[in-house]
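**Q** Chain by chain, the residues:
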Amino acid sequence: SQKIEQNSEALNIQEGKTATLTCNYTNYSPAYLQWYRQDPGRGPVFLLLIRENEKEKRKERLKVTFDTTLKQSLFHITASQPADSATYLCALYNQGGKLIFGQGTELSVKP
Amino acid sequence: GAGVSQSPSNKVTEKGKDVELRCDPISGHTALYWYRQSLGQGLEFLIYFQGNSAPDKSGLPSDRFSAERTGGSVSTLTIQRTQQEDSAVYLCASSPGLAGDPGELFFGEGSRLTVL
Numbered sequence: 001s002q003k004i005e006q007n008s009e010a011l012n013i014q015e016g017k018t019a020t021l022t023c024n025y026t027n028y029s030p031a032y033l034q035w036y037r038q039d040p041g042r043g044p045v046f047l048l049l050i051r052e053n054e055k056e057k058r059k060e061r062l063k064v065t066f067d068t069t070l071k072q073s074l075f076h077i078t079a080s081q082p083a084d085s086a087t088y089l090c091a092l093y094n095q096g097g098k099l100i101f102g103q104g105t106e107l108s109v110k111p
Numbered sequence: 001g002a003g004v005s006q007s008p009s010n011k012v013t014e015k016g017k018d019v020e021l022r023c024d025p026i027s028g029h030t031a032l033y034w035y036r037q038s039l040g041q042g043l044e045f046l047i048y049f050q051g052n053s054a055p056d057k058s059g060l061p062s063d064r065f066s067a068e069r070t071g072g073s074v075s076t077l078t079i080q081r082t083q084q085e086d087s088a089v090y091l092c093a094s095s096p097g098l099a100g101d102p103g104e105l106f107f108g109e110g111s112r113l114t115v116l
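Chains as they are written, first to last, in the numbering used here: chain A, 1 to 111; chain B, 1 to 116.
Derived from the structure by calculation, the hints contain no laboratory data. Every value quoted in this text rests on a predicted model; they were computed, and no experiment measured them. Don't take each hint at face value.
Claimed, not checked - With a Cα cut of at most 20 Å, we get these calculated DMTMM-like pairs of lysine to aspartate or glutamate:
#	chain 1	residue 1	chain 2	residue 2
1	A	Lys98	B	Glu44
2	B	Lys17	B	Asp63
3	A	Lys110	A	Glu9
4	A	Lys98	B	Asp24
5	A	Lys3	B	Glu44
6	A	Lys98	B	Glu14
7	B	Lys57	B	Glu44
8	A	Lys57	A	Asp67
9	A	Lys98	B	Asp18
10	A	Lys17	A	Glu60
11	A	Lys110	A	Asp39
12	A	Lys57	B	Glu104
13	A	Lys63	B	Glu104
14	A	Lys55	B	Glu104
15	A	Lys55	A	Asp84
16	A	Lys71	A	Glu15
17	A	Lys98	B	Asp56
18	A	Lys17	A	Asp84
19	A	Lys98	A	Glu52
20	A	Lys3	A	Glu60
21	A	Lys55	A	Asp39
22	A	Lys98	A	Glu5
23	A	Lys3	B	Asp56
24	A	Lys59	B	Glu104
Claimed, not checked - Calculated from the model, a selection of chain B residues having no Cβ within reach of chain A, i.e. all distances over 10 Å:
#	residue
25	Arg22
26	Gln41
27	Gly42
Glycine included, every Cβ here is placed at the ideal spot set by N, Cα and C.
Let the sequences and hints guide you as you build the complete structure.
**A** Now the structure itself:
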């Protein structure tokens, strides 16, 4: 069956360090993958999109990699700040147009 | 409006009652999604509208759930004979919906449903 897996355990890191979140998927052949940020009580907000023919994408302190052989995306936040604390969701766009989300990983950055 | 608007923001109802949740997408966006998020969980896909195509209803959990989108704009999610397990935040999102490249989703703030 199709699965999208993100670390269910919260990630706790120290301010200034790099946070790395993982998104693994099985039985999908996504045309692209997206990452979203969700703060408590709010709707998710789009961060980055990476296509199947791209290995890496950067935006300011954010970097996403996409390995279609390993069926994995890594999401990095460098020089992390307490304001980066949130839940981060990966989402796959499959044929047919619908976007399917993982369960999210909660990140906590301590000062 | 500037963003996706959902109403009501909070709804408390009694078990067995019907509820309607409304979504007003960004003007011009042809794709519209409904998701459900239970406490501490990820987003569960419910239904997807794309232009004039037949909606993808594959995520609706039971026949008590239905959704429509009138005039390619406003959408209503209806839950009949609500059950306590229907309690969740219902999120709506829209996107430009370009063929082969739906792009990023813009989410509303959600409708929190509590079934007593």
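**Q** Each hint needs a verdict: does it hold in this structure or not?
**A** Hints, one by one, checked against the model:
1. For the hint linking lysine 98 of chain A to glutamate 44 of chain B, the alpha-carbon distance of about 12 Å falls within 20 Å, and the restraint holds.
2. Pair hint lysine 17 of chain B plus aspartate 63 of chain B holds up; C-alpha atoms about 15 Å apart against a cutoff of 20 Å.
3. Between lysine 110 of chain A and glutamate 9 of chain A the CA atoms are separated by roughly 16 Å; this keeps the pair inside 20 Å, and the hint holds.
4. Distance restraint check for lysine 98 of chain A and aspartate 24 of chain B: the Cα-Cα separation of roughly 19 Å lies within the 20 Å cut-off, and the hinted pair is therefore satisfied.
5. Restraint check: the Cα-Cα separation between lysine 3 of chain A and glutamate 44 of chain B comes to about 12 Å, which is no more than 20 Å; the hinted pair holds.
6. At roughly 32 Å between alpha-carbon atoms, lysine 98 of chain A and glutamate 14 of chain B are farther apart than 20 Å, so this suggested pair is violated.
7. Proposed proximity of lysine 57 of chain B and glutamate 44 of chain B is supported: the alpha carbons are some 12 Å apart, at most 20 Å.
8. Between the alpha carbons of lysine 57 of chain A and aspartate 67 of chain A the distance comes to roughly 12 Å, so the proposed pair stays at or under 20 Å and holds.
9. Annotation: proposed proximity of lysine 98 of chain A to aspartate 18 of chain B is violated, straight-line Cα distance about 27 Å (limit 20 Å).
10. Between lysine 17 of chain A and glutamate 60 of chain A the alpha-carbon distance is near 15 Å, which keeps this suggested pair within the 20 Å criterion.
11. At roughly 16 Å between alpha-carbon atoms, lysine 110 of chain A and aspartate 39 of chain A fall within 20 Å of each other, so this suggested pair holds.
12. At roughly 15 Å between alpha-carbon atoms, lysine 57 of chain A and glutamate 104 of chain B fall within 20 Å of each other, so this suggested pair holds.
13. With a CA separation close to 17 Å, the supplied pair lysine 63 of chain A and glutamate 104 of chain B stays within the 20 Å bound.
14. At most 20 Å may separate the alpha-carbon atoms for a hinted pair to count; lysine 55 of chain A and glutamate 104 of chain B meet this at roughly 19 Å.
15. A threshold of 20 Å between alpha carbons decides the hint, and for lysine 55 of chain A with aspartate 84 of chain A the separation of about 24 Å lies outside it, so the pair is violated.
16. At most 20 Å may separate the alpha-carbon atoms for a hinted pair to count; lysine 71 of chain A and glutamate 15 of chain A exceed this at roughly 30 Å.
17. A C-alpha spacing of about 8 Å is found between lysine 98 of chain A and aspartate 56 of chain B, which places the hinted pair at or below 20 Å, so the restraint holds.
18. For a cut-off of 20 Å, the pair hint linking lysine 17 of chain A to aspartate 84 of chain A stands: about 12 Å separates their Cα positions.
19. This hinted pair checks out: lysine 98 of chain A and glutamate 52 of chain A have alpha carbons roughly 16 Å apart, not beyond 20 Å.
20. For the proposed pair lysine 3 of chain A and glutamate 60 of chain A, the alpha carbon gap of about 30 Å is over 20 Å, so the pair is violated.
21. The hinted pair formed by lysine 55 of chain A and aspartate 39 of chain A fails the criterion: a straight-line CA distance of about 28 Å is larger than 20 Å.
22. Restraint check: the Cα-Cα separation between lysine 98 of chain A and glutamate 5 of chain A comes to about 17 Å, which is no more than 20 Å; the hinted pair holds.
23. With a C-alpha separation of about 19 Å, the suggested pair lysine 3 of chain A and aspartate 56 of chain B falls inside the 20 Å cut-off, and the hint holds.
24. Taking the CA atoms of lysine 59 of chain A and glutamate 104 of chain B, the gap is about 15 Å. The hint holds against a cut of 20 Å.
25. No Cβ of chain A approaches the Cβ of arginine 22 of chain B within 10 Å, the least distance being about 15 Å, so the stated non-interface status holds.
26. Interface exclusion of glutamine 41 of chain B from chain A breaks down, the closest Cβ pair being 6 Å apart, not more than 10 Å.
27. The beta carbon of glycine 42 of chain B sits about 3 Å from the closest Cβ of chain A, which is not more than 10 Å, so the claim that it is off the interface is violated.
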